[in-house]
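**Student:** Whole structure, please, built from the sequences with the hints as guidance.
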Amino acid sequence: MTRVILQLWSRFRGLFGEESSNREFRDEIETHIALLTETYVRQGMSKSDAMRAAQRQFGNAALLEQRQREARALLWPSTIVQDVRYAFRILAKSRATTVISIVSLALGIGVNTTIFTLAKAALFDELSVRHPEQLRLLAYAQDERSVLREGTWGDFYTDPQGRTILASFSWPVYQELLRRDNSLGELFAFVDLTQFEHLSATIDGHAEVVTAELVSGNFFRSLGVGTVLGRTIDDADDSAGSDAAVAVISDSFWQRKFSRSPFVVGKTIVVNLVPITIIGVAPEGFSGASRVHNPQDLFIPLSAQPLVFPRKASSLLSDPKTWWIQIMGRMAPGTSEAQARASLAVSLNQAVRSTMDVPPGRTIPPLLLLPGGRGWNYASQQLEHPMPLLLGLAGLVLLLACVNVANLLLARSSSRSREISIRLAVGAGRARVVRQLLTESLCLSALGGSAGFLLGYLSRNVLPRLFSSSWEPAVLHARFDWQVFAFTLLVAVLSGLGFGAVPAWEATRNSMNAGLKDGGTTMTRHRHGLPGKVLATAQVALCMLLLVSAGLFVRTLSNLNALDPGFNKKGLLLFAIEPSAKRYPVLKNTEVLHQIEERVRSLPGVESVTLSKEALLGQSGSNSDFISEGEPSLAGKERIEFNSVGQDFFQTMGIPVLYGRAFNSSDTSTSTRVAVINRALAQMKFGDKNPIASFFRMNPEGERLEIIGVCADTKYAWIREQEPPTFYLLYTQQEEPIRSMTFEVRTKGDPKGFSKEIRKTIEAVDKDLPLIDVRTQEEQVDADLASERSCAIVTSGFGVLALMLASVGVYGVVSAGVSRRVNEIGVRMALGARADQVLRMVLGEAVGLAVAGIVVGLSAALLLIRFLVDMLFGLRPADPLTLLCSGLLLSLVAVMAAWGPAQRAARIQPVRALRHE
Amino acid sequence: MNPTSEVLQGTLDLMVLKTLSALGTQHGFGIARRIEQISENVLKLNEGTVYTSLLRLQQQGLIKSQWGISENNRKAKFYSITKRGTKQLAIETSNWETFSGVVGSVLRLKDVRQA
Numbered sequence: 001m002t003r004v005i006l007q008l009w010s011r012f013r014g015l016f017g018e019e020s021s022n023r024e025f026r027d028e029i030e031t032h033i034a035l036l037t038e039t040y041v042r043q044g045m046s047k048s049d050a051m052r053a054a055q056r057q058f059g060n061a062a063l064l065e066q067r068q069r070e071a072r073a074l075l076w077p078s079t080i081v082q083d084v085r086y087a088f089r090i091l092a093k094s095r096a097t098t099v100i101s102i103v104s105l106a107l108g109i110g111v112n113t114t115i116f117t118l119a120k121a122a123l124f125d126e127l128s129v130r131h132p133e134q135l136r137l138l139a140y141a142q143d144e145r146s147v148l149r150e151g152t153w154g155d156f157y158t159d160p161q162g163r164t165i166l167a168s169f170s171w172p173v174y175q176e177l178l179r180r181d182n183s184l185g186e187l188f189a190f191v192d193l194t195q196f197e198h199l200s201a202t203i204d205g206h207a208e209v210v211t212a213e214l215v216s217g218n219f220f221r222s223l224g225v226g227t228v229l230g231r232t233i234d235d236a237d238d239s240a241g242s243d244a245a246v247a248v249i250s251d252s253f254w255q256r257k258f259s260r261s262p263f264v265v266g267k268t269i270v271v272n273l274v275p276i277t278i279i280g281v282a283p284e285g286f287s288g289a290s291r292v293h294n295p296q297d298l299f300i301p302l303s304a305q306p307l308v309f310p311r312k313a314s315s316l317l318s319d320p321k322t323w324w325i326q327i328m329g330r331m332a333p334g335t336s337e338a339q340a341r342a343s344l345a346v347s348l349n350q351a352v353r354s355t356m357d358v359p360p361g362r363t364i365p366p367l368l369l370l371p372g373g374r375g376w377n378y379a380s381q382q383l384e385h386p387m388p389l390l391l392g393l394a395g396l397v398l399l400l401a402c403v404n405v406a407n408l409l410l411a412r413s414s415s416r417s418r419e420i421s422i423r424l425a426v427g428a429g430r431a432r433v434v435r436q437l438l439t440e441s442l443c444l445s446a447l448g449g450s451a452g453f454l455l456g457y458l459s460r461n462v463l464p465r466l467f468s469s470s471w472e473p474a475v476l477h478a479r480f481d482w483q484v485f486a487f488t489l490l491v492a493v494l495s496g497l498g499f500g501a502v503p504a505w506e507a508t509r510n511s512m513n514a515g516l517k518d519g520g521t522t523m524t525r526h527r528h529g530l531p532g533k534v535l536a537t538a539q540v541a542l543c544m545l546l547l548v549s550a551g552l553f554v555r556t557l558s559n560l561n562a563l564d565p566g567f568n569k570k571g572l573l574l575f576a577i578e579p580s581a582k583r584y585p586v587l588k589n590t591e592v593l594h595q596i597e598e599r600v601r602s603l604p605g606v607e608s609v610t611l612s613k614e615a616l617l618g619q620s621g622s623n624s625d626f627i628s629e630g631e632p633s634l635a636g637k638e639r640i641e642f643n644s645v646g647q648d649f650f651q652t653m654g655i656p657v658l659y660g661r662a663f664n665s666s667d668t669s670t671s672t673r674v675a676v677i678n679r680a681l682a683q684m685k686f687g688d689k690n691p692i693a694s695f696f697r698m699n700p701e702g703e704r705l706e707i708i709g710v711c712a713d714t715k716y717a718w719i720r721e722q723e724p725p726t727f728y729l730l731y732t733q734q735e736e737p738i739r740s741m742t743f744e745v746r747t748k749g750d751p752k753g754f755s756k757e758i759r760k761t762i763e764a765v766d767k768d769l770p771l772i773d774v775r776t777q778e779e780q781v782d783a784d785l786a787s788e789r790s791c792a793i794v795t796s797g798f799g800v801l802a803l804m805l806a807s808v809g810v811y812g813v814v815s816a817g818v819s820r821r822v823n824e825i826g827v828r829m830a831l832g833a834r835a836d837q838v839l840r841m842v843l844g845e846a847v848g849l850a851v852a853g854i855v856v857g858l859s860a861a862l863l864l865i866r867f868l869v870d871m872l873f874g875l876r877p878a879d880p881l882t883l884l885c886s887g888l889l890l891s892l893v894a895v896m897a898a899w900g901p902a903q904r905a906a907r908i909q910p911v912r913a914l915r916h917e
Numbered sequence: 001m002n003p004t005s006e007v008l009q010g011t012l013d014l015m016v017l018k019t020l021s022a023l024g025t026q027h028g029f030g031i032a033r034r035i036e037q038i039s040e041n042v043l044k045l046n047e048g049t050v051y052t053s054l055l056r057l058q059q060q061g062l063i064k065s066q067w068g069i070s071e072n073n074r075k076a077k078f079y080s081i082t083k084r085g086t087k088q089l090a091i092e093t094s095n096w097e098t099f100s101g102v103v104g105s106v107l108r109l110k111d112v113r114q115a
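Top line first, the protein sequences correspond to chains A and B. Per my numbering, residue 1 is the first one in the first sequence, and the count goes up by one each step. Per my numbering, residue 1 is the first one in the second sequence, and the count goes up by one each step.
Source of the hints: derived by calculation from the structure; they are not laboratory data. Model, not experiment: these values are computed from the prediction. Note that CB positions come from ideal geometry on N, CA and C, so glycine has one too. Worth double-checking, as some hints may not be accurate.
[Claimed, not checked] These stretches of chain B come out as covered by chain A in the derived footprint (C-beta under 8 Å, 3 or more residues): (1) 18-32; (2) 70-82; (3) 98-105.
[As the list claims (entries may be wrong)] Over the 12 Å line for every Cβ pair with chain B, so calculated as not near, a few chain A residues: (4) Glu30; (5) Leu63; (6) Arg341; (7) Lys767; (8) Ala830; (9) Arg840.
**Tutor:** So, in C-alpha cells, the structure goes:
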C-alpha cells in the first residue's frame with residue numbers, strides 16, 4: 001500500500017521540472033547506447049554496424065522516451081492542455097461543421113436547461129424550513145357517506161384512484177388531536193387565506209391586495225423558523241380570548257413595502273379594516289407552509305380569525321362543523337409512518353366524535369398522511385404532472401442534437417484519416433488518439449453547453465408564465481442557481497462523450513496503410529457511409545417521435561378549445577368585488593352589489609351585467625345537498641353544484657332557458673325563494689316529470705326553494721369535466737353573507753377597453769373597493785387550459801427544433817454521400833445516365849432513409865404513447881391524422897433537405913468527375 | 001523473448017532489484033548486461049525496457065539514483081538498492097519461490113486419464 005502512495009507522490013512531483021527530467025533521460029539513453037556500441041566494437045564489429053546493432057538491441061528509443069515521460073508524471077495535466085490547444089486549432093479549421101455543431105448543441109442543451117429549471121421548481125423545491133422531508137400533512141379521502149359532507153372549505157384534488165382528497169380540519173378537532181396524539185410531534189395548524197378571499201391592506205394610506213396565512217401558536221417553533229427582526233408568533237398570541245392582532249411579515253413584503261427598514265417592528269398596518277401590529281420579519285425564502293413559491297405577505301395568528309377573516313356570526317374557532325384548517329406534523333427520524341398514521345386515524349375518530357354528532361350511517365373519513373415538504377399547494381395543484389413528459393421530450397431533442405453532431409464529426413473524420421494514420425504510425429496508442437478526439441468533442445460540447453446555458457438563462461421566465469393564468473402571479477418560480485449549472489455541465493459532458501465516442505472509434509478503426517496512401521479510398525471493408533446513414537435514420541426517427549407528440553398535444557388543445565362551454569364566452573369582462581365584512585354587514589352587502597350592478601349596466605356600450613358567486617370555468621365551486629320534497633334521507637346522495645347569481649345571469653351569459661322562466665324583477669329578497677335548475681339536474685332528480693313548481697331544500701332545516709325554470713347544461717368549474725347537474729339561486733335571496741362575487745359584463749366590442757370606466761364607476765360607489773382579478777371570460781377559460789396550452793407550445797417548439805436538426809442531418813448525409821460517390825456518378829453519366837435520373841437516384845435514397853426513420857419512429861411512438869393517455873383529450877393515442885401528418889411533413893422536409901445535394905449530383909460533369917481522384 | 005507484458009514486466013523488476021542487491025551500485029547499461037550474462041544469453045532484452053523498471057522501482061522507493069561518471073567517462077545515472085528495497089526483495093523472492101514451486105508440482109502431476 002505504501003508503495004502505491006509513494007508512487008503516486010513521485011508522479012505528482014514529476015509534474016514539475018519536466019524539461020530537465022526529459023533531458024536527463026535522453027542523456028541516460030545516449031550513454032547506454034554508446035556503451036553498447038563500444039561493446040560491439042570490442043567484439044569485432046565495424047563502428048557503423050555496431051551503432052546500428054546497439055540501437056536495434058536497445059529498442060525504440062523515441063517510444064521509450066514517450067513512455068517514460070508518461071510514467072514519470074501524472075498523465076493528465078500536461079497532456080490535457082496540449083490536447084485542448086490542438087482541439088481548438090482543429091475546430092477553427094472546419095468552421096462550418098463547428099458552427100453547426102455548436103448551434104445544435106446550444107439548442108439541445110439550452111432546451112434541457114430551461115425545462116430542468118422549471119421541473120426543479122415543480123418537483124424538487126421544498127419549503128424553506130428545518131428538515132422539510134420530515135413534515136407530514138394530514139388529509140383524508142372524501143365520499144358520499146362522510147360525516148364531513150357539508151362545511152368543508154378549501155382546495156382539493158383527485159388522486160389517481162379517483163378519490164377526492166381534502167386536507168381541511170376544524171379547529172376543535174385540531175385541539176383534540178393536539179391533546180391526544182403526538183406520533184407526529186407537536187401538530188401545528190395553518191390556513192392559506194388566498195384560497196377564500198383577497199385581503200386588502202392599507203399601509204401608510206395606500207390600499208392594496210395582500211396575501212396571508214393564519215397560523216397556530218406553535219407554527220414557527222415546529223417549523224424551526226425564527227425571525228430576522230423582532231419575534232415570531234408564539235402560543236401566547238394564539239390563545240383563546242387573546243385579541244392579539246399581530247403579524248409576522250415575510251422578507252419579500254418587508255422588501256416591497258418597507259424597503260427593509262429596521263424600524264418596521266411595532267408598525268401598524270390595517271388589514272381588512274383591522275389594525276394589526278407587526279411583531280417580526282421572517283427570514284428570506286420562507287414562504288409559509290402552504291406553498292413553496294410566492295411567499296405569503298403576512299402570518300397572522302389563528303386566534304385573530306374573527307377580526308380579520310370573519311365568516312359567521314361566531315368565531316370559526318369554536319365551530320366544530322366548519323372544516324377549513326390544514327394540519328401538519330413532523331415525522332421523528334426512526335418512527336414508522338404506518339404506525340403514526342394508524343395512531344392518528346384513531347385519534348381523529350375520537351376527536352370527531354367528541355366534537356360533533358356523527359349520525360348513524362355516516363362515516364368518518366380515513367386519514368391519510370401526505371408528504372408536507374412542498375406545502376399543501378403542491379399536491380392540490382398537481383404541478384408536477386407534465387414535468388416528466390417534458391423532461392423526456394427535452395432529452396430526445398438533446399439526443400437528436402448529439403446524433404447530428406456525431407454525424408457531422410463522422411463526415412469530417414474521413415478527411416482526417418490521414419492525420420490520424422500518421423499519428424498511429426508514429427507510435428501514439430489507440431487510446432491516446434481516441435483521447436484527443438474526445439477532447440475535441442468535449443471542447444465542442446463545452447462551447448455548445450455555454451451557449452445553451454445562456455439560452456436557458458434568458459428564457460427562464462418564459463415557461464413559468466405559460467403555466468399560470470395571465471392575471472395572477474406565476475405559480476412557479478424558476479430559480480436559476482448552481483444546481484441548474486451543475487445539470488448543464490453534466491449534460492454537456494455526457495453529450496460530448498456520447499457523440500464523440502462514435503467518430504473517435506470510427507476514425508481509429510481505419511487501417512494505417514489505407515490512410516497513408518495518397519488519396520486513399522478504402523474500397524472494401526464495409527459499405528460506404530453506413531454509420532452516417534444509420535445516424536441520419538436515427539435522427540429522422542427521433543424527429544418523428546417529437547412531431548407525433550407535438551401533434552397530439554396540439555390536437556388535444558384544439559379539441560378542448562373547441563368544446564362548447566354551454567354559454568357565450570366571447571365579449572365578457574370579469575372582475576371580482578369583495579365587500580369587507582366590517583363596512584358591509586349582511587344586508588348591506590347585497591345592496592352595494594346591486595348598486596354596482598345598476599351603475600355598470602347604465603354605462604354606454606354595456607349590453608348587460610350580472611354577477612355570480614363562482615366564475616364559470618373558474619376552477620372553484622360550491623355544492624350542497626339537494627333534498628326534493630318527500631325525500632327523507634340523504635344516504636348515498638351526492639352533493640350538487642350550485643351557483644348564486646344575479647338576475648340577468650342567463651341572458652348575460654347566453655344560457656338558453658328551456659322551460660319555465662329565468663329570474664326577473666318579481667323575485668326579491670322578500671318573495672318566495674326560487675331557483676333555476678339545469679337539464680342534467682332535472683333529468684337526474686325528476687326524470688321525465690316536469691320539475692317546474694316543485695320544491696327542494698339545500699339542507700334539512702333550510703327554507704324550501706321553488707323551481708321556476710330549467711336551463712341548458714353548461715360547464716361548471718373545469719372544461720374537462722362533463723356538464724354537472726347544477727342549480728342557480730338568486731344572490732339577493734341568499735341568507736349566507738356574501739364575501740366575494742364575480743361580475744360578468746357583456747360589452748359591445750373589446751371587453752378589456754371598459755375596465756377603466758368600470759373602475760371609475762365603482763370608485764364612485766365606494767372608493768375603498770378595489771377591482772380584483774380583471775380578466776375576460778375567454779382568458780378565464782384559457783387559464784383552465786394553461787397546462788395543456790403550455791404542453792402544446794413547448795412540444796411544438798421541440799417539433800420545430802427537431803425538424804431543423806433532422807433536416808441538417810439528412811442534408812449532411814446525402815451531401816457526404818454525393819461527395820464520396822463523385823467518381824461513381826461520373827462513370828454512370830459517362831455511360832449514359834441523364835441528369836434527372838441521377839437526381840431521382842439521390843432523392844430516392846434520401847426518401848428511403850427518411851421512410852426507414854419514419855417507420856422506426858412510428859413504432860417507437862406507438863410503444864411510448866401509452867404514457868401520454870391521461871393528458872390527451874378527444875383523440876385516441878394512436879391518432880391516425882396526427883401520425884399521417886407527421887410522416888408526410890417529415891418526408892417533405894427530408895426531400896427538401898436532400899434537394900441541394902441531389903442537384904449537385906445531377907450537375908456533375910463526367911469528365912471532371914473522372915479526372916478528380 | 002519480448003518482455004513487455006504485465007507479468008513479465010513484474011519479474012523484470014524483481015531481477016533488476018536482485019541485480020542491484022547482489023552487485024551493488026550500477027548504471028542502467030550495467031544492469032541490463034548483467035541480466036543477460038547471468039541468464040546465459042537466453043534472455044535477450046530490448047535493453048530499454050530496463051529503464052521502465054528502474055523508474056517504477058525508484059517511484060516506489062525501492063531504489064535510489066545518483067549521477068556519476070561511467071567507466072568510459074560519460075555522465076551516467078547510478079542506481080542502488082534502499083533498505084526498503086532489500087526488505088521487499090526478500091518478500092518477493094520468497095513469493096516467487098513458493099509460486100514456482102506450486103506451479104512445478106501441478107505441472108508434474110501424473111496423467112491419470114483412463115485410457
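**Student:** Would Ala830(A) pass as off the interface with chain B, using Cβ distances and a cut of 12 Å?
**Tutor:** Per Cβ check, Ala830(A) is outside 12 Å of chain B; nearest 53 Å; holds.
**Student:** Would you check chain A against the stretch 70-82 of chain B, counting CB to CB pairs closer than 8 Å, and say if three or more residues qualify?
**Tutor:** Coverage by chain A holds for the stretch 70-82 of chain B (6 residues, Cβ < 8 Å).
**Student:** Is the coverage entry for the stretch 98-105 of chain B by chain A consistent with the three-residue Cβ rule at 8 Å?
**Tutor:** Contact hint for the stretch 98-105 of chain B vs chain A: violated, 0 residues under 8 Å.
**Student:** Could you let me know if the closest chain B CB is still more than 12 Å away from the CB of Lys767(A)?
**Tutor:** Since the minimum Cβ distance to chain B is about 87 Å, Lys767(A) lies beyond 12 Å and the statement holds.
**Student:** Do three or more residues of the stretch 18-32 of chain B come closer than 8 Å to chain A, measuring C-beta to C-beta?
**Tutor:** holds (count 4)
**Student:** Is it correct that the beta-carbon of Arg840(A) has no partner in chain B closer than or equal to 12 Å?
**Tutor:** 57 Å, holds
**Student:** Hey, does Arg341(A) actually stay past 12 Å from chain B on C-beta?
**Tutor:** Check passes; 60 Å lies beyond 12 Å.
**Student:** Should the label of Glu30(A) as a non-interface residue stand, given a Cβ cut-off of 12 Å to chain B?
**Tutor:** 8 Å, violated
**Student:** With 12 Å as the threshold, tell me whether Leu63(A) passes as away from chain B on beta-carbon distances.
**Tutor:** It is violated; Leu63(A) is separated from chain B by about 8 Å at its closest Cβ, not greater than 12 Å.
This entry does not satisfy hints 3, 4 and 5, going by the numbered hints stated previously.
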